[in-house]
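For the protein sequence lines, the chains are S and C, in the order given. Residues in the first sequence are numbered from 1 upward in steps of one, following our numbering. Residues in the second sequence are numbered from 1 upward in steps of one, following our numbering.
Bear in mind the hints are in silico, worked out from the structure with no lab data behind them. Only a predicted model underlies this, so the values are computations on that prediction, with no experimental measurement involved. A hint or two may mislead.
As the list claims (entries may be wrong) - Restricting the straight-line Cα-Cα distance to at most 25 Å, the calculated cross-link-like pairs of lysine-lysine (DSS-like) are:
| no. | chain 1 | residue 1 | chain 2 | residue 2 |
| --- | --- | --- | --- | --- |
| 1 | S | 112 | C | 74 |
| 2 | C | 226 | S | 89 |
| 3 | S | 62 | S | 85 |
To be verified - Derived list of chain S stretches under chain C, where covered just means 3 residues or more per stretch with a C-beta under 8 Å from a C-beta of chain C:
| no. | segment |
| --- | --- |
| 4 | 40-49 |
| 5 | 90-96 |
| 6 | 103-113 |
| 7 | 134-148 |
The beta carbon of each residue, even a glycine, is placed where N, CA and C say it ideally should be.
Listed below are the residues making up each chain.
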Amino acid sequence: MTTRLTLGIVLVAVFALGSTAYAHHGSASYSQQPTTLKDVTVTQVNWGNPHTLLFFDHKDEKGTVQHWVAEANAASTLSTSGWTKNAIKYGDKVTVVFYAAKNGQTVGRVGKVVLADGREFGDGSLIGDRPSVCDDEFTTGGNEAAACRPGGRITNNDQKR
Amino acid sequence: MRFHVWSVLKSSAAIAAAVILLASAPQAASSQNAEPEKQSGPAPVHDLWGMWTGPNEGLLSNRVPTMTPAGRAKLDANIPDPFSASSNDPWKTCDPFGMPRGVNNQYGLFGFAQMPGRIIIVNGFNRTWREVWMDGRKLPQNIGHEGGPSAMYNGYSVGHWEGNNTLVVETVGMDERTWMDRRGYPHSVDAKVIERYTRSDFDHLSMTETVDDPAYYTQNPFLFAKQDYRFVRNQTDLNAPIPFTSDRLCIPSQAMDYMKAIGLPADIDSATGQKK
């Protein structure tokens, strides 16, 4: 309860102030090397935006259960790959190929999900930060474009100092 | 001539009907025109009606002119990346893109509903719309200043045709809280934005976005963004998102859930408990 309350206060601060002590994560926070966990149990799917969230439990070799959450793409984008709102449900046993956070937290980015019946969702690739080509007249407008701002990409308060 | 903002509300039923018609158009076309046309026909005159699709993100200029001190201060205060806990991108909390960002960020599916005296531009992202007055009225003056009308997120827009196939939209009075794009470029309340939509043939449309804002930029006007789009003929277009069968919405509660589940923990170094 206390933890939830504390987190709630932090969240309120984040949204109220707009910028806080936390650094940018983006896909740069994730390992470039995929992790594969077999026979994990889906505990929740937040189908939505900005990214769909897949919650799952994994039991390690010592029998300890780890609670993971991995972000996939936006629901509207996933729809084009056949992944629908009800395609992956609570209790499903699946294999998840994902890119774990470098900081050791049990969060990551979905590469693909393989269901027990063999169906696969996701494209298997890490959609990460791509280098911007600032010398070109135009740049594609992802977050990477911010690297071409005067002074380069500024994504947190530390970098501003 | 007075600017009839509230007349929009009076005709909201007509706008709603137009949006519904636009929304249903791709589905109706899909059963009649299952195969994509191999060769595009000529562009019809003064006609952009229907839905258009292309990349979700506009091409953003790397030739943005030097900023004034006031503009640079605003830029420095804007921290991009809506997926980051440290960002103050209005998108992160699902605030409106408004103008001029609305036509260069998540603009991969949009449409035009033409009606007497105005054109409604609808956007698939967040299912928003804005009106462009085509009846010759003048833009209001002194917007956002004492004695003038209030600035609005989408500003005030008038348009006209140049030649047979180019729609020119001029927008002023944009709320300063909107960013120019996802990079965080700012604009002042006195900025003017010109969109040019040129239909080169039946299936192809190009958009350019030009900005004139002497308060924040030293060389004006300047080309800020551009992108190319294709007419949505049916839903079998492999280059198109699925028109009107997916929710392309920014939902605040989901955005907060995302930040709680991913944004915050991904930013914490578990070894030290400190931010990275």
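Hint check:
no. : hint             : verdict
1   : 112(S) <-> 74(C) : violated (40 Å)
2   : 226(C) <-> 89(S) : violated (41 Å)
3   : 62(S) <-> 85(S)  : violated (33 Å)
4   : 40-49            : holds (count 3)
5   : 90-96            : violated (count 0)
6   : 103-113          : holds (count 5)
7   : 134-148          : holds (count 13)
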